[in-house]
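Student: Chains G and H supply the protein sequences, listed in that same order.
Residues are numbered in the working numbering as their position in the first sequence, beginning at 1, plus a constant of 344.
Residues are numbered in the working numbering as their position in the second sequence, beginning at 1, plus a constant of 5.
To be clear, the hints were calculated from the coordinates, so they are not data collected in a lab.
For clarity, every value in this text was computed on a predicted model and none was experimentally measured.
A few of these clues could be false.
What the hints assert, rightly or not - Derived coverage of chain H by chain G (criterion: at least 3 residues anywhere in the stretch with Cβ under 8 Å from a Cβ of chain G; other residues may be distant):
1) 58-71
2) 85-97
Claimed, not checked - A few chain G residues that don't get close to chain H, going by computed Cβ distances all over 10 Å:
3) Pro427
4) Gly460
5) Glu466
6) Ala549
C-beta atoms are modelled at their ideal positions from N, C-alpha and C, and glycine is treated no differently.
As a plain string of letters, each chain reads:
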Amino acid sequence: MKILNLVILSIILSAAAAQARPVSYPGGLTGMLMNNGDSNSVHVHYSPTAKMSVGYKGEYWRDSEYQIHAVQVNNLLKRWNKPESQANIYLKSGAGIAYSDFGAHENEIEPAFFTGFATDWEDRRRFISYENRFTHAGDIASGFEQSARVGYAPYEGDYGDLHTWLMLEVKHIPENADHFTVTPLVRFFKGVHLVEIGMNDNKEALFNWVIRY
Amino acid sequence: MRKIILSMAMVFMVAMPVSVQAASSLTYVDVNGMVCDFCARAIEKVFGQQEAVSSVDVNLDDKFIAIEFSEDQTLSDEKITELVTHAGYDVRQIRRDVSDADDSETKSDE
Numbered sequence: 345m346k347i348l349n350l351v352i353l354s355i356i357l358s359a360a361a362a363q364a365r366p367v368s369y370p371g372g373l374t375g376m377l378m379n380n381g382d383s384n385s386v387h388v389h390y391s392p393t394a395k396m397s398v399g400y401k402g403e404y405w406r407d408s409e410y411q412i413h414a415v416q417v418n419n420l421l422k423r424w425n426k427p428e429s430q431a432n433i434y435l436k437s438g439a440g441i442a443y444s445d446f447g448a449h450e451n452e453i454e455p456a457f458f459t460g461f462a463t464d465w466e467d468r469r470r471f472i473s474y475e476n477r478f479t480h481a482g483d484i485a486s487g488f489e490q491s492a493r494v495g496y497a498p499y500e501g502d503y504g505d506l507h508t509w510l511m512l513e514v515k516h517i518p519e520n521a522d523h524f525t526v527t528p529l530v531r532f533f534k535g536v537h538l539v540e541i542g543m544n545d546n547k548e549a550l551f552n553w554v555i556r557y
Numbered sequence: 006m007r008k009i010i011l012s013m014a015m016v017f018m019v020a021m022p023v024s025v026q027a028a029s030s031l032t033y034v035d036v037n038g039m040v041c042d043f044c045a046r047a048i049e050k051v052f053g054q055q056e057a058v059s060s061v062d063v064n065l066d067d068k069f070i071a072i073e074f075s076e077d078q079t080l081s082d083e084k085i086t087e088l089v090t091h092a093g094y095d096v097r098q099i100r101r102d103v104s105d106a107d108d109s110e111t112k113s114d115e
């Protein structure tokens with residue numbers, strides 16, 4: 345029973361940062377800058393419909409000193425619209441190249457692929473999400489990561505107000521020395537901007553910025 | 006005779022703004038899944054692109070949008086439902102303003 349509880353807890357809490365939604369409204373353009381203890385990334389995508397987006401994803405993984413440059417496609421597989429809440433399941437996949445200038449892989453380029461699911465549920469005051477991803481980039485990098493978030497909004501703002509969320513993110517990367525990292529963060533959301541600031545238990549900063557038109 | 010003409014002119018001037026107001030109308034659309042500013046912005050953008058729409062007001066607290074149409078223009082319930090669905094949300098109910106008596110039907114998709 346204890347193991348089952350741990351599995352359930354890990355499913356709830358153990359996965360990747362569900363950032364702002366990976367699919368926008370028809371014609372919507374979104375830019376995301378993500379910086380955390382492991383990597384720096386940029387993702388720019390365009391949504392021709394409310395069910396998919398396509399764009400560029402660039403990542404730099406600092407410890408292993410490799411980059412991924414890929415075309416990423418996000419699909420909204422299922423959405424539940426309720427009077428007071430919304431839930432989503434997305435498939436996020438990308439294909440491109442990985443480049444390394446580190447150690448045995450100096451100046452090496454390999455094809456790179458990644459795919460994973462993301463799911464979230466939120467109402468005006470509560471938020472929960474889970475995300476995972478499998479990455480394969482030949483000899484340069486290969487692995488699985490997952491993360492989860494819970495969030496709480498201390499107040500309900502009107503449309504256009506500054507919205508504030510207090511969140512806790514748990515990230516699990518089995519290949520890392522610290523398999524699990526925990527990041528308390530604050531999300532500010534106003535107009536077309538979403539900013540997240542936090543620091544994990546290794547005292548590494550998190551800074552994310554999303555802009556959506 | 007002059008008094009009669011003056012009275013008719015005054016009546017016409019007073020009645021004029023009323024008839025203009027009656028030509029434009031407000032429609033309220035209750036929407037499922039509208040929980041954040043990004044959702045509200047999506048709805049606003051989609052309806053803002055419609056020529057028939059003069060303004061859109063999103064109420065996140067009560068999860069409805071108020072659509073004001075340009076003079077003598079409107080969108081059918083089917084079109085409103087299509088626009089909301091294409092934006093990624095679901096229509097719960099469409100409520101027509103009383104000034105738009107011809108289109109005062111209420112629609113529910115649930």
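Student: Are there hints from earlier that the structure breaks, and if so, what are their numbers?
Tutor: 3 and 5
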